[in-house]
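Given the structure of chain B, go ahead and fit chain G onto it with the hints provided.
Here is what each chain is made of, one letter per residue.
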Amino acid sequence: MTSAEKNPKKALSKGKGSSPQTTAIHGTDGSTHVVGIGNLKVIICQDGDSWFAQGLEIDYAANGHSLDEVKENFQTGLKGTIDLHIKAYGNIEHFLKVAPQEVWKELHSNPGRHYRYTQVSLHEDLFKTLGYQGINFIEPGQELVA
Amino acid sequence: MVKVLRAKGVFVALVDETTQTYTLEKGDFMETVVLTHVVGKQYLQYLKRKLSIPVHYFWNPEMAEADAKSKSRKTE
Chain B
20 MTSAEKNPKK
30 ALSKGKGSSP
40 QTTAIHGTDG
50 STHVVGIGNL
60 KVIICQDGDS
70 WFAQGLEIDY
80 AANGHSLDEV
90 KENFQTGLKG
100 TIDLHIKAYG
110 NIEHFLKVAP
120 QEVWKELHSN
130 PGRHYRYTQV
140 SLHEDLFKTL
150 GYQGINFIEP
160 GQELVA
Chain G
490 MVKVLRAKGV
500 FVALVDETTQ
510 TYTLEKGDFM
520 ETVVLTHVVG
530 KQYLQYLKRK
540 LSIPVHYFWN
550 PEMAEADAKS
560 KSRKTE
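Protein sequence lines, in the order shown, are assigned to chains B and G.
Going by our numbering, the first sequence wraps up at 165, each residue one higher than the last.
Going by our numbering, the second sequence wraps up at 565, each residue one higher than the last.
For the record, the hints were derived by calculation from the structure and aren't laboratory data.
Be aware that one or more of the hints could be misleading.
Under the rule of at most 25 Å between Cα atoms (straight-line distance), these lysine-lysine pairs were calculated in the BS3-like manner [what the hints assert, rightly or not]:
| id | chain 1 | residue 1 | chain 2 | residue 2 |
| --- | --- | --- | --- | --- |
| 1 | G | K539 | B | K116 |
| 2 | B | K90 | G | K539 |
| 3 | G | K515 | B | K116 |
| 4 | G | K539 | B | K106 |
| 5 | G | K537 | B | K98 |
| 6 | B | K90 | G | K537 |
| 7 | G | K515 | G | K492 |
| 8 | B | K90 | G | K530 |
| 9 | B | K116 | G | K530 |
Isolated chain G (complex conformation):
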């Protein structure tokens, strides 16, 4: 989850390890969230709506990382 968010340009910082509370920041978006091990589809849709991250990336984190790498290569 964190890997995908970071690969898609979201600044992710751990606030509390015991509760798994993180801060997420990207552009105007700024939220404190508790990221649980199992995340439902509705919540992924919420993240998609707010952060423009395709839902399928959360099932295939490698795709998000590969996409981020290819974009960085194009800009080089």
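Isolated chain B (complex conformation):
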């Protein structure tokens, strides 16, 4: 498992044999978060007129009109979802859920394309970076200090 300098988080699953291990790391200095997803297995298959991508070690899916578009949508969505979770919880633990067994079975029996996907993303906590401390509610009668 790779680790970040501070606050390293857990690996997702152990690979078997020569299969590369899927990892998820999360490091933060308090204001900037670095999230790395390594060797995530994604199965992409044609679904009628569109394409469908399903992550296996992380239960996240995307849709697209073409193979390239579904890959792009998967990447955009995954990064955005990580961002949402960091803003809401300060970590990605709620997001690190493996796809259910039936999804693995169904997609493995499907003649779809199998990909290994890796991304590293930076997520700034803008409030801390810019020094904002939230909303200051001023009650009537209070004097404003410049």
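Just chain G now, kept in the frame of chain B:
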């Protein structure tokens, strides 16, 4: 698509109009997704599994809205 999600209690917010990127939130579920004009069955099954929205509602958005209305009337 957005109508059905909203009718079924999902908080939907547009993040980027050009890419049609939305955030979807309902309970513990929180995702950023790109909603394309044509959505396949597999993706609808995924939304059903995650958000408990019957797939047929996406073909009949009026049913989802009617269902939401009748439920709100019952609780009144």
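Quiz item: Given the hint that G:K539 pairs with B:K116, does the C-alpha gap stay at or below 25 Å?
Solution: Between G:K539 and B:K116 the Cα gap is close to 12 Å, so the pair holds against 25 Å.
Quiz prompt | Satisfaction of hint between B:K106 and G:K539, Cα-Cα up to 25 Å | solution = holds (21 Å)
Exercise. Compare the distance between the alpha carbons of G:K515 and B:K116 with 25 Å, and conclude whether the hinted pair is satisfied.
Key: Measuring from Cα to Cα gives roughly 16 Å; hence the hint holds.
Quiz item: Regarding the pair B:K90 and G:K539, is the alpha-carbon distance no greater than 25 Å?
Solution: holds (21 Å)
Quiz item: For the pair supplied as a hint, B:K116 and G:K530, is the alpha-carbon distance within the 25 Å limit?
Solution: holds (22 Å)
Quiz item: Taken at face value, is the distance from the CA of G:K530 to the CA of B:K90 at most 25 Å?
Solution: holds (18 Å)
Exercise. Please work out if G:K537 and B:K98 have their alpha carbons no farther apart than 25 Å.
Key: Holds: G:K537 and B:K98 sit about 22 Å apart, inside 25 Å.
Practice problem: Mind checking the alpha carbons of B:K90 and G:K537 for me, to see if they're no more than 25 Å apart? | Solution: Distance of about 22 Å is within 25 Å: holds.
Quiz item: Regarding the pair G:K515 and G:K492, is the alpha-carbon distance no greater than 25 Å?
Solution: Measuring from Cα to Cα gives roughly 15 Å; hence the hint holds.
The earlier numbered hints are all upheld by this structure, with none contradicted.
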